[in-house]
Amino acid sequence: MSLHAMGPVPQEDLIQLLAPDGSRTAGSGFDEWIEDVDGAALQGLYEDMVVVRRLDQEATALQRQGELALWPPLLGQEAAQIGSGRALRKDDFVFSSYRENGVAYCRGVGYADMLRVWRGNAPSGWDPYAVNMATPQVIIGAQTLHATGYAMATKFDGADSVAVSYFGDGATSQGDSNEAMVFAASFQAPVIFFCQNNQWAISEPVRLQAQRDIADRAPGFGIPSVRVDGNDVLACLAVTRQALDRARGGGGPTFIEAVTYRMGPHTTADDPSRYRDPNELEDWKGRDPIDRLGRLLEAEGLLGAEVSERVRAAADRAAGELREACVSMPEPGELEVFDNVYATPHAVLAGQRRDYQRYLASFEAAPGGAS
Amino acid sequence: MSTMTFGRAINSGLRRAMERDSKVVLIGEDIGMLGGVFRITDELQKDFGAHRVIDAPLAESAILGTAVGMAYRGYRPVCEIQFDGFIYPAFNQIVSQVAKLHYRTRGRVKMPLTIRVPFGGGIGAAEHHSESPEAYFLHTPGLRVVSVSNPQDAFLMIQQAIACDDPVLFFEPKRRYHTKGEVDEEAGLDGYPMEQARVEVSGDDATLVTYGPLVQVAREAAEAARGDGISLEVIDLRSLSPIDFGTVEASVRKTGRLVVAHEAARTGGLGAELAASITERCFYHLEHAPERITGFDIPYPPAKMEQHHLPNLDRILDGVDRVLDRRNSLGGGEGY
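If you read the sequences in order, they're chains A and B.
If you read the first sequence in the working numbering, its first letter stands for residue 46, the second for the next number, and so on.
If you read the second sequence in the working numbering, its first letter stands for residue 634, the second for the next number, and so on.
Here chain B stands alone, though its shape is the one from the complex (with noise of 0.2 Å):
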């Protein structure tokens, strides 16, 4: 075991990608000599060439075009958005070739692509530069959609990625790029799966479901709620398409309660999916209705705004007192 940062961790899996494969090649704007904006990559172009890591012209769509091709000549391209607002003029690409060619090719042709996406908010930053587009994606069939929390699941996930046949957007919570973990980089492929959640938190009262940035935020808010004598149960969801259902279900069934929390607008979002499938799934053991805690229906604000828009600790335990039926700030109950 040895501690690294977040981005440490990814860098040393797209290391071991490299190393293990002759076909994986990386392709970005300045992920070369500069190593990526988040220096995600850095040294990966001294140590293995310019043939692959490859420095793009500022063409996102051309990114994930290239890539497209490539694959079809057995390559397994990993394509860096430098920033999650960059990726919509690649959507083309994405979401009518590399979602749809094996299944218009009939399985002949696979697009092992994997798409990594440093997105969500909290850093302050201009604009376009803090969003949470992962809905469009997990709407897309033919995509699997994966989101990663901690160090240890960054250096793993990444080589599971793209070791993956099918193509896999990997979205990098940003802020979290600096916090650091210990990381078993012993850990072999067949390791934690990455289509699987993972019980963070063990707890009876209520299911707190979350991934990426906001894993580390319902931590928080378990440790804080455990004050106030509520144990939280904390589910971190890893991949967003396929969603592991099983596991969020067999929680619910026990808390009765279900609170799903993402930065990512409300409306359609996976919030909305997760609350409708549990809903279906263990409607008789429900005690209250899913709440979602999720960014507003609204364009990603300024950063002096920020604060109001991000699902932040105490926004997550008011969400926790409704499906409680404890006094929160839209009224509710005499406690539970």
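Only chain A is shown next, with the shape it has when bound in the complex (with noise of 0.2 Å):
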């Protein structure tokens, strides 16, 4: 016998709008969220989605050659991100962990700023008041309070923008998740938090952490929630939509539960096979995100041959500029380990750094030193 109860993810009850043949479902209730998506919105969301995918393959190529020493894949989850991250405004404020490059793409997060971290260059890769997004979390669920608190000062402001915070389904088992649950009720902040369940936790997959859908758990919590098909981009770009208009009307927080897969490792040092049935990876190729938005624009013929290679080339210049970035990088100074621990002076520290300045002087004036 098993120690945990295990056993298929279900995936009926799913909020979609595009199935995984490309044919528009009918009857979800949420086609009004998307009237307004048109032809050139399709492709353009079409075209978001190849472009990611394929940064994020040249960033794991830029690992495999050495020049990251790590990069979190997103592959198989463009539709949550592009979906959820193209809902947006400019000045919402996203809070995620650091699978979303997706999002952080439809922040308008430059190529330079998204690697600077897994390069090793520099602790942070971004200004987040520039693209309105926090640098990734690698704390497991910290940022859900991050956001829960942004949205009260929001709420303090009188604004009517929306703090999203981004996690994955091993997250939902942190207290931090939880207890910005009860202060996002109580305070009835304008948050929404997206979790994408990908089914895996490295190698823990999504029952060791819940044994009832992750979404069933918000209502518990006075937080209405949707539980959507993550691999279907309209339906990702609908619920996200509904959330922050009811968070911009005064209604308080919801919770979005994703449900897609991590189709790559966990990171580039990660080794699926270890515990995964690679059945379940062929299972989840047939319901691909890019794959089933292209069969919707073939068959209402806005995927020409036209379309395809400028999609194609927008992929290969932003790849192409992806890796400029990276092997164009500076190298960090050697002095800038001191900076920005404090933002006001500390002497204790400003001695520390006088002090190893004086020791790296020290080979230079060294007889038969470096020069």
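Quick caveat, the hints were computed from the structure, so don't treat them as lab data.
It cannot be assumed that every hint is accurate.
Stated by the list, open to error - DEER-style ranges, computed between Cβ atoms: (1) A:Ser248 <-> B:Phe724: 42 to 48 Å; (2) A:Gln102 <-> B:Gly901: 46 to 52 Å; (3) B:Phe724 <-> A:Ala395: 25 to 31 Å; (4) A:Gln397 <-> B:Lys887: 22 to 28 Å; (5) A:Gln397 <-> B:Asp680: 40 to 46 Å; (6) B:Pro932 <-> A:Asp202: 42 to 48 Å; (7) B:Phe724 <-> A:Val372: 37 to 43 Å; (8) B:Ser910 <-> A:Asp202: 40 to 46 Å.
Quantities reported herein were computed from a predicted structural model and do not represent experimental measurements.
Heads up, the beta-carbon is just placed ideally off N, CA and C, and yes, glycines get one too.
Put the two chains together into one complex, using the hints given.
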């Protein structure tokens, strides 16, 4: 007998607007939220997903070539990230984990900024206030509280922007995520909890974290929730828009469980063959988020040779720019390790910096030392 | 000048900070209607509103974590941790988030949080209500740590801590909350700097360094020593990170002898850091190895046993006797 109750992840009852075969799914009740999505918008979502997948593959290659220390692939989660990311307004604020490079792309994060941390060149990638997205959070679930506090402050300010927290199925076991829901509900904070349930927390299947659907937990906190097909970009766009609308109107938090699949490893340091049935991956490939939208576009005559070529060229250009940004990144200076530990002068640390500077200089001063 | 209790002085300082800056918000358990279990935030919710004095659900990690989010949006949250022993659920948010976010965002995001912690023993409390966890935080880069010992400092330093763009752990000696003292409420933020130690009593024979609740005990020790013809210099450290080594060093160069006292456990504590650093800085001026008079390396004991754990006047004087090579509990010399 197994120590843990395990079993297949149920796929029924997902909000879906676009079936894996590319046909539109009727009766979801969410069609009104994507009424404005015309052919050009569909092509835009398709291009976004193709580009972020290409960026992701290029970053993985850069890691294999020794240019990055580590990379956390998003392969398979493009629809969840682009659908939700494209629903946001510029003045909304994102608090994400480390896998949300698709969301970062939507926020306008530059390629060098996307890679800085993973190349080991800087403790952070970007200026959060330039793109209204906090730098990625590695401590699992900690950012759910930051988003909730930000949303509480937004409410103090009387603003109608929304904080969005991205996290995975593993994070739902953390105390912080549960405390965040208590606070968000009690203060009716304009925050969205966007959980990408990609089925795996490194080697641990979602059934180790949750015996029921993750979305089922939120109502117990007093937070409405939806369980959406995370490989359906239209459904992810629709449910996020609805949640944003609720938050802006004073309706408080929403919990979204986007059911998707991590097609790649946890990070480039991981080996899923040790814990995953390869048939599972094959099964999920049949539900690929990009193929799905591609089929819809083809059926509607929106993916001709010219469009395909344009998308391919955009992806190649992005990958080239990402690579160039990576390899041309300046190396950090030797005394930069001391920068920004404090915002105001700190006498003890200043002394350590001064001594280390002298130590470095001693090599130059010593006879026979490096000149 | 007016006479007020330690607790009232913090209350008054919080009020000043809130009047000065509308971005100052208080968050903690029971701090609203009740005014906090020690009444430090008494009346503040009534005067500033429930959105500036926020009664938080009982989750310390969330108190700190939501304060981080508020700071992201330009607020200056003042978090109240109800008792020292309740800070550990928030430890992750404090050391991994609050302490590092300025560094991690290359200076883009400031974390001007103040974390108020009633700390220390001596009040006969239940378990988890008498601890001295300061060493965990002064070991954490990115944090500033201060402890106040009198109403005047409490009034001014809480305002300085709130105005500081770095996160500040603000340790309040709870057994002194009812101690009265003179407070100059006109004192501005540019008064005595928060990170500077203060020579409380001048003397020539030995330097006695402490902070928070034991400053009063140290003053009494100096008074008692004077009766024995010993001139003690007492230093209130005030800032535990950064430590004002300059003030301590100048004193030890004069006296040649150092005693450090704190309630917290000895191993890896502030006394160890101070003894090591002062030895490095003025080894040839020392006439005796530094002595640490501290709480023992034990969990905080039950109320009826705490007098055996807490450094008191006699234990501190015993340490003074050791550095002076006078007869002491461990043996000692024939006088100095």
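Each hint tested on the structure:
Checked against the hint of 42 to 48 Å, the pair Ser248 (chain A) and Phe724 (chain B) fails, with Cβ atoms roughly 27 Å apart. A beta carbon spacing of about 47 Å between Gln102 (chain A) and Gly901 (chain B) agrees with the range 46 to 52 Å that was offered as a hint. With their beta carbons about 27 Å apart, Phe724 (chain B) and Ala395 (chain A) fall inside the hinted range of 25 to 31 Å. Taking the beta carbon of each, Gln397 (chain A) and Lys887 (chain B) are about 26 Å apart, inside 22 to 28 Å as hinted.
Remark: the range hint 40 to 46 Å for Gln397 (chain A) to Asp680 (chain B) is upheld by a beta-carbon distance near 44 Å. Between Pro932 (chain B) and Asp202 (chain A) the CB atoms are about 44 Å apart, so this pair conforms to the stated range of 42 to 48 Å. At about 40 Å, the CB distance of Phe724 (chain B) to Val372 (chain A) agrees with the hint of 37 to 43 Å. For the hinted restraint 40 to 46 Å between Ser910 (chain B) and Asp202 (chain A), the CB-CB distance of approximately 45 Å keeps it satisfied.
Comparing the model with each numbered hint stated earlier shows that hint 1 is the single one that does not hold.
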